[in-house]
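*Asks:* Heads up: the sequence shown at position 95 corresponds to 95 in the working numbering, and the numbers run straight through without jumps.
You may find that some hints are simply not true.
[To be verified] Quick list of simulated restraints, FRET-style, between CB atoms:
(1) V40 / V62: 29 to 35 Å
(2) F64 / S107: 39 to 45 Å
(3) L91 / A68: 34 to 40 Å
Everything labelled a hint here was simulated from the structure, so no lab data went into it. Built from N, CA and C at the ideal position, the CB exists for glycine as well.
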Amino acid sequence: MPFAFLPFPYLHTFALPNQLLILVSLCILSYLYRPFRLAVFGIFGSYVVYIVGRLLLRWGFVSFKAIAWFGFYVNFFLIGIGYIVTAGTTLWNLPEMLSGFVEGMDSK
């Protein structure tokens, strides 16, 4: 093909002269008649909303997943730190804890 294709939806399958003919006819009709203008703007607007909406939904989903996974990791990191601190204080105070435990058992 000697001509390039314009990346318009539903028009990219036609040859470039046919694409330009369709676009020029739509421009002339939309210039002359208001309903055609509204139809062209509506089609173009719905296409833009479709493209931008898909992109925004994808970004929203990815950010939601990132925030959820970050919260998941922070939660289990804090639980792990709690286990480490509990084990450290237990080992640090082990003689006092054992003596208190033995005294409590002896008193019963």
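*Asks:* Of all the hints numbered above, which does this structure not satisfy? Sort the numbers upward.
*Replies:* Number 2 - this is the single hint that the structure violates.
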